[in-house]
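Novice: Please put together the full structure from these sequences, using the hints given.
Read top to bottom, the protein sequences are chains A and B.
Every number in our numbering is 1140 more than the matching position in the first sequence, counting from 1.
Every number in our numbering is 10 more than the matching position in the second sequence, counting from 1.
No lab work stands behind these hints: they were computed from the structure.
Be aware that a few hints might be false.
[Said to hold, decoys possible] Straight-line C-alpha distance at most 25 Å; calculated DSS-like pairs for lysine-lysine:
hint, chain 1, residue 1, chain 2, residue 2
1, A, 1325, A, 1368
2, B, 78, A, 1369
3, A, 1265, A, 1328
4, A, 1174, A, 1159
5, A, 1293, A, 1225
6, A, 1220, A, 1447
7, A, 1225, A, 1265
8, A, 1322, A, 1337
9, B, 115, A, 1179
10, A, 1174, B, 22
11, B, 13, A, 1367
12, B, 56, A, 1368
13, A, 1309, B, 56
14, A, 1322, A, 1369
15, A, 1309, A, 1294
16, A, 1294, A, 1209
17, B, 78, B, 56
18, A, 1367, B, 78
19, A, 1269, A, 1462
20, A, 1209, B, 47
21, A, 1220, A, 1457
22, B, 56, A, 1179
23, A, 1265, A, 1322
24, A, 1447, A, 1225
25, A, 1226, A, 1284
26, A, 1189, A, 1174
27, A, 1236, A, 1328
28, A, 1457, A, 1265
29, A, 1174, B, 23
30, B, 23, B, 13
31, B, 47, A, 1368
32, A, 1309, B, 78
33, A, 1159, A, 1179
34, B, 47, A, 1369
35, B, 56, A, 1369
36, A, 1447, A, 1189
37, B, 78, A, 1368
38, A, 1457, A, 1447
39, A, 1367, B, 56
All values reported here derive from a predicted model rather than from experimental measurement.
Each chain, letter by letter, is given below.
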Amino acid sequence: MALATKSLASRQSDLSNPKEQIKILSDNESVGVKSFTEKLQQIDLFPLKPTQLDIFQVNVGKMCNQVCKHCHVDAGPDRKEIMTKKTMQLCLDAIKNSTVHTVDLTGGAPEMNPDFRWFVEEISKLGRKIIVRCNLTIIVANPKYNDLPEFFKKHNVEVVSSLPYFSAKRTDSQRGEGVFEKSIKALKMLNEVGYGKEDSGLILNLVYNPTGAFLPASQEGLEREFKKKLREGWGIEFNSLFAITNIPVSRFLEYLIVSDNYEDYLTELVNAFNPTAALGVMCRNTISVSWDGYLYDCDFNQMLDLKFSGSTPQHLKDFNDKKLVERNIIINQHCFGCTAGAGSSCGGEVAK
Amino acid sequence: MSKPYYVDEDLKKFGEITEWQKELGEKYFDYYASVFKEGALTEREKALIALAVSHVVHCPYCIDAYSKDCVQKGCDEEQMMEAIHVGAAIQSGATLVHGVQMMNKVKDISM
Ligand code: SF4
Ligand code: SF4
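Specialist: See below:
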């Protein structure tokens, strides 16, 4: 299905306004489904509370070399919002004095931020595990990015990359013309320096997002199929596949509405509600920081502009890791995307 | 206005068949669920078989359900179309092989 290949923001779409998205999401009655709050009440999990802070996810900016149709960040080359070095320093200060064991860098294409490498080096000095959500094509987008695999290796960065399918047709239909071919090239470059190879200790995980209005099948079965196809077709190796459900936010929400799949998709998510997955939703041990230093329960809440609730400090400059674990997590109907079936998080399924 | 025989909303109501015969309906759905669990065949392989059979039995509900199921389980377009061809080949083979019966009968009654 043909959708515009520009961000919602540059098209000045109504949906680029988070309030507009929340209005649509909050109306569970016209879809004819229960609210997420009701579902959590039924299993005694409301209000939803954090457990502890383990993962510090930083969205270093909305700038990206791609304009994927399902992007919940509404990222693209036309987005100029990126994190400054000063805000990165605030992140480092926060991480240093906290229980955080993993720093997860995302975007946009995080590597396009001019201070990205400095930031990784500084986090590395703090001795925390680093994850970079790399869209693969950035590695081959410009010669100045060609050494990213070596750079990642040097800092023992775990690379997590989206590859929605092992064929060009479905990959390109979601991520743009030619993305599959470039992704394969980048994966080979990562393999060459040892990523995804047994015993190298360099972790390369792939993310599978459904390329349409359907939920992912079992992660295990998909991983088997991906491993077989990528090895046989291109000699590519990787560690694990994370099956991630598309959350009805931003451009994926637009796709659902335009393709007339919104109600069916939401209903499917709600029907697949899994209490075990609800116990393990990622916002319970993760926080998300925006390019301008504000704090959110997750990257989706960030895009919906739902900052920390109550009296919890909302900005990095007032960061307080003791206070933030006392907060109530802000929920809405998009949360059903995290609790459907085997559940979904930035690390894939949550309920094995 | 006349209603079409097949309405996609009806697929969602499939479970309601138990309302008029609980025991048999539940047995059927239990059996169905067990059949599609991963076993000697993967869930993916079973979805492809179901897709082929759906076409052979001309069931629009099953075709919708298993087209989606196949995509969801990671089948590609080529695999799905090949599965349908397998169904079609068997179906036409089953028609044509009766040609032998026709030939036998003709021979029986001919001088
Ligand atoms: S999904 Fe990732 S790669 Fe695609 S536009 Fe969004 S941020 Fe960029
Ligand atoms: S969408 Fe965010 S807030 Fe909602 S359950 Fe998922 S991680 Fe938590």
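Novice: It remains to establish, for every hint, whether it holds in the given structure.
Specialist: Quick rundown of the hints versus the structure:
Of the supplied pair hints, the one linking residue 1325 of chain A and residue 1368 of chain A holds, its CA atoms being roughly 18 Å apart against a limit of 25 Å. Restraint check for residue 78 of chain B and residue 1369 of chain A: satisfied, since their Cα atoms lie roughly 21 Å apart, inside the 25 Å limit. The straight-line distance between the Cα atoms of residue 1265 of chain A and residue 1328 of chain A is roughly 29 Å, outside the 25 Å bound, and the hint therefore fails. At most 25 Å may separate the alpha-carbon atoms for a hinted pair to count; residue 1174 of chain A and residue 1159 of chain A meet this at roughly 21 Å.
Taken as a hint, the residue 1293 of chain A and residue 1225 of chain A pair is honoured in the structure, with Cα atoms around 23 Å apart against an allowance of 25 Å. A distance of roughly 21 Å separates the Cα atoms of residue 1220 of chain A and residue 1447 of chain A; the hinted pair therefore holds under the 25 Å criterion. Of the supplied pair hints, the one linking residue 1225 of chain A and residue 1265 of chain A holds, its CA atoms being roughly 16 Å apart against a limit of 25 Å. Proximity of residue 1322 of chain A to residue 1337 of chain A is assessed by CA-CA distance (about 20 Å); at most 25 Å being required, the pair is judged to hold.
For the given pair, residue 115 of chain B sits about 67 Å from residue 1179 of chain A by alpha-carbon distance, which is inconsistent with the 25 Å threshold. A C-alpha spacing of about 18 Å is found between residue 1174 of chain A and residue 22 of chain B, which places the hinted pair at or below 25 Å, so the restraint holds. Restraint check: the Cα-Cα separation between residue 13 of chain B and residue 1367 of chain A comes to about 48 Å, which exceeds 25 Å; the hinted pair is violated. At most 25 Å may separate the alpha-carbon atoms for a hinted pair to count; residue 56 of chain B and residue 1368 of chain A meet this at roughly 18 Å.
With a C-alpha separation of about 24 Å, the suggested pair residue 1309 of chain A and residue 56 of chain B falls inside the 25 Å cut-off, and the hint holds. This hinted pair checks out: residue 1322 of chain A and residue 1369 of chain A have alpha carbons roughly 17 Å apart, not beyond 25 Å. In summary, the hint linking residue 1309 of chain A to residue 1294 of chain A is not supported, as the alpha carbons are separated by about 34 Å, beyond the 25 Å threshold. Our distance criterion of 25 Å between C-alpha atoms is broken by residue 1294 of chain A and residue 1209 of chain A, whose separation comes to about 33 Å.
A threshold of 25 Å between alpha carbons decides the hint, and for residue 78 of chain B with residue 56 of chain B the separation of about 13 Å falls inside it, so the pair holds. For the hint pairing residue 1367 of chain A with residue 78 of chain B, the CA-to-CA distance comes to about 22 Å; that is within 25 Å, so the pair holds. With a CA separation close to 21 Å, the supplied pair residue 1269 of chain A and residue 1462 of chain A stays within the 25 Å bound. For the suggested pair residue 1209 of chain A and residue 47 of chain B, the alpha carbons sit about 33 Å apart, so the restraint of at most 25 Å is broken.
About 22 Å separates the Cα atoms of residue 1220 of chain A and residue 1457 of chain A, which keeps this hinted pair within 25 Å; it holds. Taken as a hint, the residue 56 of chain B and residue 1179 of chain A pair is broken in the structure, with Cα atoms around 33 Å apart against an allowance of 25 Å. Taking the CA atoms of residue 1265 of chain A and residue 1322 of chain A, the gap is near 32 Å; set against the 25 Å cutoff, the hint is violated. In summary, the hint linking residue 1447 of chain A to residue 1225 of chain A is supported, as the alpha carbons are separated by about 22 Å, within the 25 Å threshold.
A threshold of 25 Å between alpha carbons decides the hint, and for residue 1226 of chain A with residue 1284 of chain A the separation of about 24 Å falls inside it, so the pair holds. For the given pair, residue 1189 of chain A sits about 21 Å from residue 1174 of chain A by alpha-carbon distance, which is consistent with the 25 Å threshold. Proposed proximity of residue 1236 of chain A and residue 1328 of chain A is contradicted: the alpha carbons are some 35 Å apart, above 25 Å. Between residue 1457 of chain A and residue 1265 of chain A the CA atoms are separated by roughly 21 Å; this keeps the pair inside 25 Å, and the hint holds.
Annotation: proposed proximity of residue 1174 of chain A to residue 23 of chain B holds, straight-line Cα distance about 19 Å (limit 25 Å). Taking the CA atoms of residue 23 of chain B and residue 13 of chain B, the gap is about 17 Å. The hint holds against a cut of 25 Å. As the CA atoms of residue 47 of chain B and residue 1368 of chain A are separated by approximately 21 Å, the hinted pair is consistent with the 25 Å bound. Between the alpha carbons of residue 1309 of chain A and residue 78 of chain B the distance comes to roughly 17 Å, so the proposed pair stays at or under 25 Å and holds.
Distance check on the hinted pair: residue 1159 of chain A and residue 1179 of chain A sit about 23 Å apart at the alpha-carbon level, within 25 Å; holds. Restraint check: the Cα-Cα separation between residue 47 of chain B and residue 1369 of chain A comes to about 23 Å, which is no more than 25 Å; the hinted pair holds. Taking the CA atoms of residue 56 of chain B and residue 1369 of chain A, the gap is about 19 Å. The hint holds against a cut of 25 Å. Pair hint residue 1447 of chain A plus residue 1189 of chain A holds up; C-alpha atoms about 15 Å apart against a cutoff of 25 Å.
Simply put, residue 78 of chain B and residue 1368 of chain A have alpha-carbon atoms about 22 Å apart, close enough for the 25 Å limit, and the pair holds. For a cut-off of 25 Å, the pair hint linking residue 1457 of chain A to residue 1447 of chain A stands: about 14 Å separates their Cα positions. A C-alpha spacing of about 20 Å is found between residue 1367 of chain A and residue 56 of chain B, which places the hinted pair at or below 25 Å, so the restraint holds.
Going through the hint list in order, the structure does not satisfy hints 3, 9, 11, 15, 16, 20, 22, 23 and 27.
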